[in-house]
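Participant: Listed below are the residues making up each chain.
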Amino acid sequence: MLAGVKFRNPVIAASGTFGFGLEYRQIAQKLGGIVTKAITLEPRAGNPMPRIAEVCGGIVNSVGLENPGIQRFKTEILPRLRNLKSRLIVNIAGSKTDEFVQIAEMLEEDQITALELNLSCPNVREGGVLLGQNPKLVKNLTSAVRKRTRKLLIVKLTANFVDPAVTARAAEDSGADAVTVINTLFGLVLDENGQPLLGGRTGGLSGPAIKPFALFCVDRVAAAVKIPVIGCGGIMNGQDAYEFLCAGAKMVQVGTANLITPDRSWKIVRELAVICRLKKSVQFKKVRKARCKK
Amino acid sequence: MNPATSISASIIRKTKLTSEIFSLWVKPENTESNPAPGQFYGIKPPDNADLLLRRPISVADTKNDRLRFIIRVTGKGTAALSRLPAGTKIDILGPLGRPAPLVYNKNVLLCGGGVGIAPLFYLARILAPSNRITTIIGVRRAEDLILVNDFRTLGARVLISTEDGKKGIKGILTDLVPRILDKMAEPVIYACGPREMLKKIDEIAGNLPVWGFLEERMGCGTGICYCCGIRKKTGGYLRICREGPVVNLKEVDL
Ligand SMILES: Cc1cc2nc3c(=O)[nH]c(=O)nc-3n(C[C@H](O)[C@H](O)[C@H](O)COP(=O)(O)OP(=O)(O)OC[C@H]3O[C@@H](n4cnc5c(N)ncnc54)[C@H](O)[C@@H]3O)c2cc1C
Ligand SMILES: Cc1cc2nc3c(=O)[nH]c(=O)nc-3n(C[C@H](O)[C@H](O)[C@H](O)COP(=O)(O)O)c2cc1C
Ligand code: FES
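Listed in order, the protein sequences are those of chains A and B.
Counting with our numbering, you get residues 1 to 294 for the letters of the first sequence.
Counting with our numbering, you get residues 1001 to 1254 for the letters of the second sequence.
Chain A on its own, in the form it takes in the complex (with noise of 0.2 angstroms):
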């Protein structure tokens, strides 16, 4: 249960790291839900190759928001998404308020459960992270959207540079239903020459690498908020889904870990439902407080 709102399991694959769900429906279904790629207004070609750079312990990409922006999103892609029997979250994104009020708008089709506000993406320079990191910005946006749309909204936060508890809570006040945490880390990838790999010259790094702080922020955020916290960030297998949980999110995002085995989000879901049953179906609310506590 996320707001009200019944998903079959609590393990969704992340937006950018499934497709729209096309490529592989019959994951998709078996999950608690999937998240678009990000949709803009206008399509968006993306940014120059190399996109991706492998590191230690995670990857940095610089996609860039490729995508055929609202428009075909709704003709060619939602029609193939009917029946899912998953929840089905559309990633948004833009660099003002008014375009994701545009889009919010036009996504009223009852196969959509959720819109995922991104205002996160370190791959936009003119929006994205900067929206993500003023707290007022967020307000604004998240009201002006909620003023639009009766779906389940959820807020992807960003803790490039910013501390999301305070950018969770205005998302919290603006009526957000829940929020996302976190987004990819600002990173940078020289080559031997010590210029930018990467054609967007900058990325986001996501993986393993990042799973400590990223546990960091969902603790401190669920701390901070009282709508549910759903926690990402290099979860690659059951026991580090269960650590969210007891970190305080309701339910987890996977995304990395769908690029190096497309069914590896449910191989997740199988392994967390073990874990949960071999510790007797935990409450994970004790867990946090009896951690709070020490």
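Hints were generated in silico from the structure; no laboratory data involved.
Each hint should be verified, as a subset may be incorrect.
[As the list claims (entries may be wrong)] Here are the computed lysine-lysine pairs in the DSSO-like style, where the Cα-Cα straight-line distance is at most 30 angstroms:
no., chain 1, residue 1, chain 2, residue 2
1, B, Lys-1089, A, Lys-211
2, A, Lys-74, B, Lys-1089
3, A, Lys-74, B, Lys-1232
[Said to hold, decoys possible] Interface residues of chain A toward chain B, partial, derived using beta-carbon atoms under 8 angstroms:
no., residue
4, Ala-3
5, Phe-18
6, Tyr-24
7, Gln-26
8, Lys-30
9, Leu-41
10, Ala-45
11, Ile-59
12, Asn-61
13, Gly-207
14, Asn-258
15, Leu-259
16, Ile-260
17, Thr-261
18, Pro-262
Heads up, the beta-carbon is just placed ideally off N, CA and C, and yes, glycines get one too.
Following the hints, complete the assembly by docking chain B with the ligands onto the known chain A.
Facilitator: Same frame as chain A, now just chain B with the ligands:
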């Protein structure tokens, strides 16, 4: 459709082909994999935090249910794979990508630069019974040559270019292409190698279609991360791992 689950495969035989290139015959467990020429597998380097992603490697040949990969050591992942002894189990995902189109009763020209010749061998084996095949292999040094006799065994005509001039003609592969094309009626061209080589061959070929085997750094290899684009002439990108890796070079901006 791309598989969602990876499979375990044991290394049956490992051979060193040159100082940098090795060959792996692997046997996938409990599955039938029927890759087509041009398709590739994502091979997971042995467990190591530094090596998170799979390495895309083309199918160089098959026999019954076994797969052959021919790999050049270029960095950490391929080096780690090169150290695995026969008997080791590796985790592979595939077959991935769109296969090369097959032709019948044609004059086929295969152009392989360096280790790029590897995927063309599997293609040649499938095409050989029903086509006339000419292969050009281009390498820097004569000792980098691989698969020459294997192509000859298939009945293909083989031409060689080496930059050191110790085998075949002295020069680069594309020096040979115009001469060969002049003498071929309605050729069908397949090419695999560095981007500059593909570009040059496409120019030389003029209006003839060239099926290029493309490479790019990949995240997933399965079409879900959009990390592996190549610019389309009509605008936007196509995903090399999904709409490729074999594409008509006339349709993309190299
Ligand atoms: C569709 C496809 C088929 C391929 N088939 C073969 C083959 O049959 N034989 C063969 O020897 N090589 C092949 N390659 C190239 C091979 O994937 C790279 O050489 C290999 O990934 C390098 O890994 P590394 O860890 O040794 O190098 P590193 O430089 O340490 O790798 C760092 C990262 O960059 C990526 N990378 C580096 N170079 C390349 C490259 N040229 N292409 C794609 N990714 C790269 C790696 O996968 C890794 O994620 C193919 C590439 C593609 C895209
Ligand atoms: C290739 C790639 C593309 C991504 N694209 C998006 C995106 O479009 N929108 C978004 O909100 N997050 C995007 N992300 C961030 C992930 O959704 C996730 O928040 C982040 O990767 C951390 O989780 P992980 O460590 O499990 O990957 C992307 C991540 C990767 C690796
Ligand atoms: S590598 Fe992920 S889409 Fe091609």
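Participant: Now look at each hint and say whether the structure bears it out.
Facilitator: Verification of the hints:
1. B:Lys-1089 x A:Lys-211: holds, 29 angstroms
2. A:Lys-74 x B:Lys-1089: violated, 44 angstroms
3. A:Lys-74 x B:Lys-1232: Distance of about 23 angstroms is within 30 angstroms: holds.
4. Ala-3: violated, 27 angstroms
5. Phe-18: At 5 angstroms from the nearest chain B Cβ, Phe-18 of chain A passes the 8 angstroms test, so the hint holds.
6. Tyr-24: Because about 5 angstroms separates Tyr-24 of chain A from the closest Cβ in chain B, which is inside the 8 angstroms limit, the hint holds.
7. Gln-26: Given a least distance of 7 angstroms, the restraint on Gln-26 of chain A holds.
8. Lys-30: Interface hint status for Lys-30 of chain A: violated (10 angstroms vs cutoff 8 angstroms).
9. Leu-41: violated, 17 angstroms
10. Ala-45: With a minimum Cβ separation of about 6 angstroms from chain B (threshold 8 angstroms), the hint on Ala-45 of chain A holds.
11. Ile-59: Holds. Min distance 6 angstroms.
12. Asn-61: Since the shortest Cβ distance to chain B is 6 angstroms, the answer is holds.
13. Gly-207: holds, 6 angstroms
14. Asn-258: Given a least distance of 6 angstroms, the restraint on Asn-258 of chain A holds.
15. Leu-259: holds, 4 angstroms
16. Ile-260: holds, 7 angstroms
17. Thr-261: holds, 5 angstroms
18. Pro-262: Since chain B brings a Cβ to about 4 angstroms from Pro-262 of chain A, closer than 8 angstroms, the hint holds.
This entry does not satisfy hints 2, 4, 8 and 9, going by the numbered hints stated previously.
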